[in-house]
Amino acid sequence: MRLTTSALAVSALLSTSVMAAEPTNEELLEILKKQQQQIEELKKSLDKTDKKVEETDQKVESSADAIEQSMTASTSNTQIGGYGELHYNNIEDSESIDFHRFVLFFGHEFTDSIRFFSELELEHALSGDGKPGEVELEQAYIEMDLTEQTKLKSGVFLIPVGIINETHEPPTFYGVERNPIEKNIIPATWWEAGAGLTTQFGEGVNADFAIHSGLNVDITGSNSFLIRNGRQKVAKANADSLAYTARLKYTAIPGLELAASFQHQSDVTQGELDSSASLFSSHVAYTTGNFGIRALYASWDIDGSDAESIGRDSQEGYYVEPSYKINQQFGLFARYNAWDNNAGDSADTEKRQTNIGLNYWPHENVVFKVDIENRTGAQDGSGFNLGVGYQF
Amino acid sequence: MLWSNLSSAKSYMSEQAFVELVESTLLDANQLNSKTLWLKKPMQEKIKRILNHNYPKLRLRYKMLSPLENSSPSNITTVWFLEEIGKEKPISFAISVKNSNVQLIRVLEYRESRGYEVQIPAFTEQFDQIGVDNNGLLNKDIDGITGATMSVSAMKKIARLSILLHNTVTNNENK
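Here the protein sequences come in this chain order: A and B.
Be aware that the first sequence starts at 1031, since it is given in our numbering, and climbs by one per residue.
Be aware that the second sequence starts at 3, since it is given in our numbering, and climbs by one per residue.
Treat the hints as calculated values from the structure; they're not laboratory data.
Worth double-checking, as some hints may not be accurate.
[Said to hold, decoys possible] Quick look at which bits of chain B chain A covers, simulated, 3 or more residues with Cβ under 8 Å: (1) 21–33; (2) 97–107; (3) 120–134.
[As the list claims (entries may be wrong)] In silico DSSO-like cross-links for lysine-lysine, where the CA-CA straight-line distance does not exceed 27 Å: (4) K48/B / K142/B; (5) K37/B / K1279/A; (6) K65/B / K1081/A; (7) K1089/A / K59/B; (8) K1089/A / K159/B; (9) K1082/A / K42/B; (10) K42/B / K158/B; (11) K37/B / K1081/A; (12) K1355/A / K12/B; (13) K1355/A / K142/B; (14) K159/B / K1355/A; (15) K1355/A / K50/B; (16) K59/B / K42/B; (17) K42/B / K159/B; (18) K50/B / K1181/A; (19) K59/B / K159/B; (20) K91/B / K59/B; (21) K142/B / K159/B; (22) K12/B / K1089/A; (23) K1082/A / K91/B; (24) K91/B / K158/B.
[To be verified] Just the calculated beta-carbon pair ranges, DEER-fashion: (25) E1070/A / K37/B: 32 to 40 Å; (26) T1180/A / E17/B: 42 to 50 Å; (27) S1296/A / N54/B: 32 to 40 Å; (28) Q1088/A / K50/B: 27 to 35 Å; (29) G138/B / Q1065/A: 54 to 62 Å; (30) N54/B / S1093/A: 43 to 51 Å.
Idealized CB from N, CA, C, for every residue including glycine.
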């Protein structure tokens, strides 16, 4: 009996131990609830972390935006630019050195469609009474976009004619000095006051039309009816007789520019002799690969017996300029120029000039130039030119 | 009334339209991801060497299109939206690059007074499949535009830059 009782006691004890090691369903449920709560807490913590990461991302992006904005502050509505060129000329033992042009551009954008542009030039370094140079306001105009294709400009602007007149920053052309045709026949740099429209027809076809102040040539002396001397430079200019310029330009093929301009001057003597005149000019500029060529022809036809009597009723000229770019930094060119400001007379008054030289661009906006020059025809002389120029 | 119709215009294409154009030229089914490249100092230096000036960005957002099956670097196309000043104002470009060659380049917005011809297809098509040589210069000649030298130069720099950026992100992708 005693043994039986002891056995039962041991059995009950063991049974109690087993029951203590295995949790009841209730206990299991409690454990699950706790675990669920921990998971919820972890999820909340993770959400908070995600949110913080997202907030940090936003802060980083905002900071980057602000920094980038301050980094691009220089692209304000007002722009400054410029160009300049120093020349050394040695032609027939006549040597000179001259900071020919020092130019500053100022532009301002009032809105996306209304802007101002100006160009102020100090020519020949020193201006004033008896000094060789001049301070000139070559451009100062307001430009407005009328439509996507049409712009109106009003003020003082460059006449749309030739190659050099509108684009004459030194790194953009070969030769120390500009070509003589766009000096003596087309009097570049040539600016007038008035209003002009530029419109685009399709891809790469543009037309310009401008009404502007006219030339006022000398009517006595050796410079009579010389076009270049007729520029009034919009300096208290005589506006008795206006002029009209039209240009058609084709640039649809890469590397090619074809253009023709026609200008009518109501009276190049501004009421003195009633002498109207017309200018016709055309040019081609083409580059393909390393080769380039520029060619331009321009002629004046001036009415009236006064111009005719001295052979200046007809004035004309042309140049051809092949070039070869050896690499990004070096380019060779040759230019043949012929022009005659007395083409209306029977004498051989044509002037001819050949330039052969090299451009070196250590930077795309900086150029060093050298060329040799040979003058023939109604002028002579030979020598060389050196130059350095820049734009920004 | 004329003045009320004034418009800045000169917008030629939207970014979205360019992405769709790029997608339409790709034969494989592609996955499109928007990504950001942070421009650390070494990269800024490389960019400066191409543009010749400091680059006013800390990061660039770009699109990456890669085939579903095979995303080796040579099959990845990246799309970049970059700006560079021509003469006075920034020109907005969109460029797609694949296998270190420019696939497409378009002018999205042109703000300069002259030189709009850089957006004419006959001009931009010169950049199709253009790459860079060992010196990082374009490996094909680009016929320029008279009177728009600086806009043309800006486009050439942007083509070189986009190839640099593409190579950077696709090499990273491959690691």
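Each hint, compared with the structure:
no.	hint	result
1	21–33	violated (count 0)
2	97–107	violated (count 0)
3	120–134	holds (count 5)
4	K48/B / K142/B	holds (21 Å)
5	K37/B / K1279/A	violated (43 Å)
6	K65/B / K1081/A	holds (26 Å)
7	K1089/A / K59/B	holds (17 Å)
8	K1089/A / K159/B	violated (32 Å)
9	K1082/A / K42/B	holds (24 Å)
10	K42/B / K158/B	holds (23 Å)
11	K37/B / K1081/A	holds (20 Å)
12	K1355/A / K12/B	violated (32 Å)
13	K1355/A / K142/B	holds (14 Å)
14	K159/B / K1355/A	holds (19 Å)
15	K1355/A / K50/B	holds (25 Å)
16	K59/B / K42/B	holds (10 Å)
17	K42/B / K159/B	holds (20 Å)
18	K50/B / K1181/A	violated (35 Å)
19	K59/B / K159/B	holds (16 Å)
20	K91/B / K59/B	holds (17 Å)
21	K142/B / K159/B	holds (13 Å)
22	K12/B / K1089/A	violated (34 Å)
23	K1082/A / K91/B	violated (39 Å)
24	K91/B / K158/B	holds (16 Å)
25	E1070/A / K37/B: 32 to 40 Å	holds (34 Å)
26	T1180/A / E17/B: 42 to 50 Å	violated (27 Å)
27	S1296/A / N54/B: 32 to 40 Å	violated (48 Å)
28	Q1088/A / K50/B: 27 to 35 Å	holds (29 Å)
29	G138/B / Q1065/A: 54 to 62 Å	holds (60 Å)
30	N54/B / S1093/A: 43 to 51 Å	violated (28 Å)
Hint compliance for this structure: hints 1, 2, 5, 8, 12, 18, 22, 23, 26, 27 and 30 are not met, and every other hint is.
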